[in-house]
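*Asks:* One letter stands for each residue in the lines below.
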Amino acid sequence: MLDYDKIGLKCGVEIHQQLDTKKLFCGCASESQEEPKAEIRRRLRAVAGELGEVDVAALHEVFRAKEFHYKIYTDASCLVEMDCEPPHQMNRDALEIGLTAAAMLNCEIPDEIHVMRKQVIDGSNTTGFQRTAIVGLKGFLLTQKSRVGISNVSIEEEACQILATEEKSVTYGLDRLSIPLVEIGTSPDIRHPEQAKEVCQAIGMLLRSTGKVRRGIGTIRQDINISVRGGARIEIKGAQELRLIPNLVEKEVERQLSLIRIMNDLKEKGFNHVKHEGTNVTQIFGNSTSKITSGKTTYAIKIPGLAGFLKRKLTPTRTMGNELANYARVKAGVKGIIHTDEDLEKYQLSPEFQKLSDSMRTGPNDLLIIAAGDSDSCRRAMRTVADRINQLLSGVPEETRKALENGDSEYMRPLPGSARMYPETDIPPIPLDPGKLREIRKNLPELIEEKISRFSKQYRIQEELARQVIQSGMADTFEKGVKILIEPVLVASTLTSTLTYLRRESVPVEKLTEGHFLEIFRALAHKKFSKEKLPEILRLQAENPALGIEKILEKAGAEALQMDELRHIVRDIVSNNQQALSLANPEKALMGLVMEKVRGKISGKLVAEVLKEEIDKSQK
Amino acid sequence: MYAKKLQSILRKKKISTGERIAVEKENRKYEGLLMPRIELGDQESLVLKLDNGYNIGIRFGPGVKIEKSRTHEPEEVKEEEEYELGKTKKRYLEVSFDPKKPPVCLVTTGGTISSRVDYRTGGVYAVSNPKELLHNVPELAEIVNIREMVTPFTKMSEDMDCFDWRKIAEIAAKKLNSGDQGVVIGHGTDTLHFTAAALSFFLRNLSKPVVLVGSQRSSDRGSSDAGMNLICAARVAVSDIAEVGICMHGEPDDSYCLFLRGTKVRKMHTSRRDAFRPVNDLPLAKVWPDGRLDKINPEQKRRSEGKVELDIKFEPDIAILKAYPGSDPGVIDYYVRKGYKGFVIEGTGLGHVPTFAKKSWISVIKKHSEQIPFVVAPQALYGRVNTDVYTNLRILYHEAKAIPGEDMLPETAYVKLGWVLGHTKNMEKVREMMLTNYAGEITPRSLPETYLY
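Just so you know, the sequences run in chain order A and B.
With the first letter of the first sequence counted as 1, position 132 gets the number 132 in the working numbering; the numbers rise by one all the way through.
With the first letter of the second sequence counted as 1, position 55 gets the number 1055 in the working numbering; the numbers rise by one all the way through.
Note that these hints are calculated values from the structure, not bench results.
It is possible that part of the hints are untrue.
Stated by the list, open to error - In the DSS-like style, the derived pairs of lysine-lysine whose C-alpha atoms are separated by at most 30 Å in a straight line are:
no.	chain 1	residue 1	chain 2	residue 2
1	A	Lys22	A	Lys311
2	A	Lys138	B	Lys1295
3	B	Lys1029	A	Lys145
4	A	Lys66	B	Lys1004
5	A	Lys436	B	Lys1004
6	A	Lys296	A	Lys311
Unchecked claim - Partial pick of chain A residues on the chain B-facing surface, computed with a CB cut under 10 Å:
no.	residue
7	Arg42
8	Lys118
9	Ala133
10	Phe140
11	Tyr501
12	Met591
13	Leu593
14	Glu596
For every residue, glycine included, the Cβ atom is placed at its ideal position computed from N, Cα and C.
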């Protein structure tokens, strides 16, 4: 077990949670129910004073080669998402949820909110920037085990979702663009992998406690920043599942420690920087029987003295070879690399490598790496590989990585510098009313976990049932219901399992309002019907949402009359067929007789029940 | 601008915007750069750019302490400062053009296309160094040789008038007659079509392309349409289409631009990239940034060697009026008393004004039409004015002597009327000239495919 204090683990998380409101800057729905109806095609251009010391000409080249396709969903995107109309004012519900989250996290809230434009150049925003505003600063989160600083709470717009990536184009969906997000960034106060999970969990729960966040896959995302002493800040994106987080942190720590060890080993070995350039060896590989290289351009590079090195493990499940191939794929666009530290037989390239080894005068301690494809990407791949190997001499490079299923991560892109941020002049600053803020602070939602334990204590229901009530969004109705009908378990199960049952029976329970529930509970409290009839009453009310409770009871009463009739009929039949009662199974004998009279009017199950009761009675 | 009270406090403390300050309010402490205040929002809130790049507002009041900060801002923030408030670094501004490419003059007059954003304050300013424009669109060097950039004035187009049109026309004529193969004019989009119409009448015997171009999305954003519009405009400027026109996005995609005849084009949307559409005419051409150019309208002049003649006589005292239910013709008397010399009326339908209504326009028009021309253009925009189909039309055009504006856009009719009145006040001559086609403003035939193109 690693001593995380000793190695100086520092970790912070950034959480993005979609809000359950309309879009942040227009009236579009935050979810599309339709297929995309149209598509627009756009390009981005480098703009004046582009980020940092970027070579603008090179950036132009990058943009020239990429076209962005945006799918238009008519219910969830309009001219604002298409960057064809200035943004409308910020959605006030979203702002309020953001302020609530900031207050729950003990943040300082600015007196005036300023929306900023943060440059984004990957096409995921049609504008070329993301709109974002700080609503809280310098807060903290207390979990059961620790206190973690909150550096910022922001309200921002979600980016488009990537639907497809081609060589020269990326297709995005406009349905996700501009869904309001709350972004919460913690300080790097987390010291242990489990704590990272605990913090994410606590923040997620806190956000859900507002009752106004979206649920489901992709509606919350966690990015994790990790560094160890002597390592570097690594941002890992796309941790979707909480349970993966500790594993992700552990493996990143291992990776950084391995890279530090490698640096020291290489320095000790006196390893020198390798030359950038690869050699065109198409002559050797172009005619091979292997599909990997035949008919393609192949480049090779020799790394002196590093034979066996690509077998080194960075984490138990990731080798240096995996890592190099990952860089070559992402940065150079090749399918992968092949090297002398792996089984060349499986590629059927042994004879070619033998020839290559001869022609490059390779000794037993040297490592050979090749890549095949078009000549540009091969050359780039060789340069990428050489660069990455040379970087090993300086330890851990700062970068953004993508979380993998097994807890490892892979290179995604360089760590972005502080993105240029400048005021969004299309949206005036939003002054906050101090009275409104006081109101928000006074009425902070109860945390879900607290509410569960309060419900279970106060109303003496099981925690699990309390959780179900709260998660179904029925907590308020429950508390009001309990005041009317002093049977918490009945109220809770009505609002959870009974509704679930009715939903499965295709009853339109979504038509039931809180008012309906409370009226029904009141009628039940006044013993206007028996609780066995609750599901039936709910069904009638859902099917006739416009009718008042009296009418619903009348309707139910009409059906109840049939029950009386049924009992009469059953009694008649039982008393007229006394001889059947001595049979082994009198119900079976009499059932047919009853059904003859009532078939189609009432369910067989009820008939069977009543029949059994009457038979039992007369047998006594 | 900050509230006066706040300004004087800042002055007393010798703090100016752009300086790093420390603010303390109710035990909350913030440090950051003091930003200038835009006119919107709470003028008593200090705007602070924090070290994380975000701005926040802190309301000033009793107990709020402001001081110059003793700490330094982080490197990234400093680096931003080097951009000279959003300007491009000087060493990037060396744009060199290939003298072998055709020489073209670039005129900038203001508007979004020649604005830059101050990245720190968000303020929008005119590009002061024209090279910045070129820096942002290096592709231009592959198409044209821009020998000179001329900036006669810098205005948003809603602030322009006929004197500005004249200045632009003078520059264009001079440049075209001194060797440039075409002229590209950067311009705000609101009244771009007015200027386009004016240049169409002012530049007689035009032998080379005159291309007006604007942008609908500011150039601070990667998605700005300015770059592609400029590239396409440069393509047209070296083409053989000797017409005045507007070159802007043809559809919401960044695919192609349309080159639209200056007298037959109108801004038809407040914010879309493809806001400019041809009305009662086909586009002159479709232009792709890669240089492909499809001529669509067969009615167009070819490039030639002739000298361009400048004809900028213009009567500024003219007005556009709109006829609508309940409209009061008394405005005509008002304008006449002020000395106005001519009117364009946006007529309803085929070119009507209220005739038998309580507030009939007929008697007022009749009263003045011996001395003052009334030109009627269709407020429906699409289609042609008719003088005879209904009684009310016959009354307006035959009795009250209004001049039917054919299928001219109201804006084009307005510019043309000013130009005609600059040449003659003789009513017969005015009528004759208004009904003569000078710059493609009147088409002889109404083609079905021109509707909602």
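*Asks:* Run every hint past the structure and note whether it holds.
*Replies:* Now the hints, each set against the structure:
1. Taking the CA atoms of Lys22 (chain A) and Lys311 (chain A), the gap is about 51 Å. The hint is violated against a cut of 30 Å.
2. As the CA atoms of Lys138 (chain A) and Lys1295 (chain B) are separated by approximately 62 Å, the hinted pair breaks the 30 Å bound.
3. At most 30 Å may separate the alpha-carbon atoms for a hinted pair to count; Lys1029 (chain B) and Lys145 (chain A) meet this at roughly 28 Å.
4. Restraint check: the Cα-Cα separation between Lys66 (chain A) and Lys1004 (chain B) comes to about 50 Å, which exceeds 30 Å; the hinted pair is violated.
5. Restraint check for Lys436 (chain A) and Lys1004 (chain B): satisfied, since their Cα atoms lie roughly 27 Å apart, inside the 30 Å limit.
6. Among the hinted pairs, Lys296 (chain A) with Lys311 (chain A) is consistent with the structure: their alpha-carbon atoms are about 27 Å apart, no more than 30 Å.
7. Here the hint on Arg42 (chain A) is kept, as its CB sits about 5 Å from the closest CB of chain B, short of 10 Å.
8. With its C-beta approaching chain B no nearer than about 8 Å, Lys118 (chain A) sits inside the 10 Å limit, and its interface hint holds.
9. With 10 Å as the threshold, the beta carbon of Ala133 (chain A) comes within range of chain B, its nearest partner Cβ sitting at about 7 Å, so the hint holds.
10. The beta carbon of Phe140 (chain A) is not positioned within 10 Å of any beta carbon in chain B (closest approach about 14 Å), and the interface hint is therefore violated.
11. About 50 Å separates the beta-carbon of Tyr501 (chain A) from the nearest beta-carbon of chain B, more than 10 Å, and the hint is not met.
12. The beta carbon of Met591 (chain A) comes no nearer than 71 Å to any beta carbon in chain B, farther than 10 Å, and the hint placing it at the interface is violated.
13. A hinted interface residue such as Leu593 (chain A) counts as satisfied when its beta carbon comes closer than 10 Å to some beta carbon of chain B; here the least separation is about 75 Å, so the hint is violated.
14. Hint on Glu596 (chain A) is violated. Least Cβ distance to chain B is approximately 71 Å, over the 10 Å limit.
Consistency with the previously given hints fails for numbers 1, 2, 4, 10, 11, 12, 13 and 14, ordered from lowest to highest.
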